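**Student:** Here the structure of chain R is known, so what remains is to put chain Y in place on it, guided by the hints.
2 protein chains.
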Amino acid sequence: MFTDHSIYLFIYLFIYFIHNNAMHCAQVVYGEDVAILAGDALLSDSFKHVALNTKGVSPERVLDVIVRLGASVGPKGLAGGQVMDLECEGRGDQSTVTQEDLAWIHTHKTAALLQVAVASGAILGGATPEEVEACEKYALNIGLAFQVADDILDVTQSTEELGKTAGKDVTADKTTYVKLLGLDGARAEAERLTKEAKEALTPFGDRATPLLALADYIIARKN
Amino acid sequence: MFTDHSIYLFIYLFIYFIHNNAMHCAQVVYGEDVAILAGDALLSDSFKHVALNTKGVSPERVLDVIVRLGASVGPKGLAGGQVMDLECEGRGDQSTVTQEDLAWIHTHKTAALLQVAVASGAILGGATPEEVEACEKYALNIGLAFQVADDILDVTQSTEELGKTAGKDVTADKTTYVKLLGLDGARAEAERLTKEAKEALTPFGDRATPLLALADYIIARKN
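Residue numbers (this note's numbering), protein chains in the order written: chain R, 1 to 223; chain Y, 1001 to 1223.
Some clues are possibly wrong.
[What the hints assert, rightly or not] Listed below are the simulated DSSO-like cross-link pairs for lysine-lysine, each with C-alpha atoms no more than 30 Å apart in a straight line: (1) R:Lys109 x Y:Lys1164; (2) R:Lys179 x R:Lys137; (3) Y:Lys1048 x R:Lys137; (4) R:Lys48 x Y:Lys1174; (5) Y:Lys1164 x Y:Lys1174; (6) R:Lys55 x Y:Lys1174.
Bear in mind the hints are in silico, worked out from the structure with no lab data behind them. Quantities reported herein were computed from a predicted structural model and do not represent experimental measurements.
Isolated chain R (complex conformation):
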């Protein structure tokens, strides 16, 4: 199941992170217009890349991956999650932002990208539909756990340890898991999500060891 094709998924995720971060850099260096065009070019090139360079896999499976990649950016993916995030940030009264809102945002903004990356690897590696579904459940849960861990680190780590400004969620009065559940509640939620993620991989036995380690890393990390 874990084949050379995983390299494409890293490329895919890399392009996304580059896309988001490059947008901000490019806006500063080249101005808004060119930054938007660069984003469109990178996004389109990633579809071209997958369609052109995925060798040794049936074209049906490559198309399946492209459908999922396309969906992961749209209204039920990254774009939808980001818009909801902006909408919630903009609310004057942050107490109206619920845990359900938060889960929706992070499921679409972060977890959907992990979901499509892991599912694509499974599909290209020849997984059955049931195996793909198990991988997706794993990815959605670690995606949410990643965000809960981020919220915890923001209040427990120093700026130096974190490698980015600590406490900025509090400063910005942003609704986080820590704010909604308290520090202990957020830690319990991260544990619960990680446990669910790992349980989804039970059918794979030892073959899932790298993914299980990744799940543990997500909540154990210090920055």
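**Tutor:** Below, chain Y alone, put in the same frame as chain R:
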């Protein structure tokens, strides 16, 4: 060759025009952030749409189309053409903008989209590589002819006839085919490009009639 699949190409072009125009509208109505996200969502959804809904065609051909769609937006397509256009517009001395620059801009900004739309229709309809190439030559030439005709209309039509502000290229001191070649020179260039476009379709005989009519329309249109 001309099958139901052409509907996807219209959808594709439609999405592009919507994308460009919607960006400006969305920026006004929803702000910059949401407009960029909407653009990304539309762009990704168009790849998903082609991968998911192209029925009755071999998956190899669908992947070929996706590779071309992806390339048509990148640095050698729409984004590259737009950036070069901004670069040339920004030059203080417009006399440094050559006909070669102009052809490069419009080949990538406009003609590349027509090229991929026409080539995709041919590929999905079962065309041979030689037939696809002939269609591409046709499309690139009508794409450029379209732009030359636009430059001519800008100076020969009234705002009322044009349905948009006439003479705005002159007001903006923008380099156009009319400025470089004169009105008669630009008309001759449009004729030459249309002739080349139509000659590329000779092998198709009568089957190419709709595309030949489209080529004539492009330079005969009044707005």
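**Student:** State for each hint whether it applies.
**Tutor:** Hints versus structure:
{"no.": "1", "hint": "R:Lys109 x Y:Lys1164", "result": "violated, 40 Å"}
{"no.": "2", "hint": "R:Lys179 x R:Lys137", "result": "holds, 26 Å"}
{"no.": "3", "hint": "Y:Lys1048 x R:Lys137", "result": "holds, 22 Å"}
{"no.": "4", "hint": "R:Lys48 x Y:Lys1174", "result": "violated, 34 Å"}
{"no.": "5", "hint": "Y:Lys1164 x Y:Lys1174", "result": "holds, 17 Å"}
{"no.": "6", "hint": "R:Lys55 x Y:Lys1174", "result": "violated, 46 Å"}
In this structure, the earlier hints numbered 1, 4 and 6 are contradicted, and the remaining ones agree with it.
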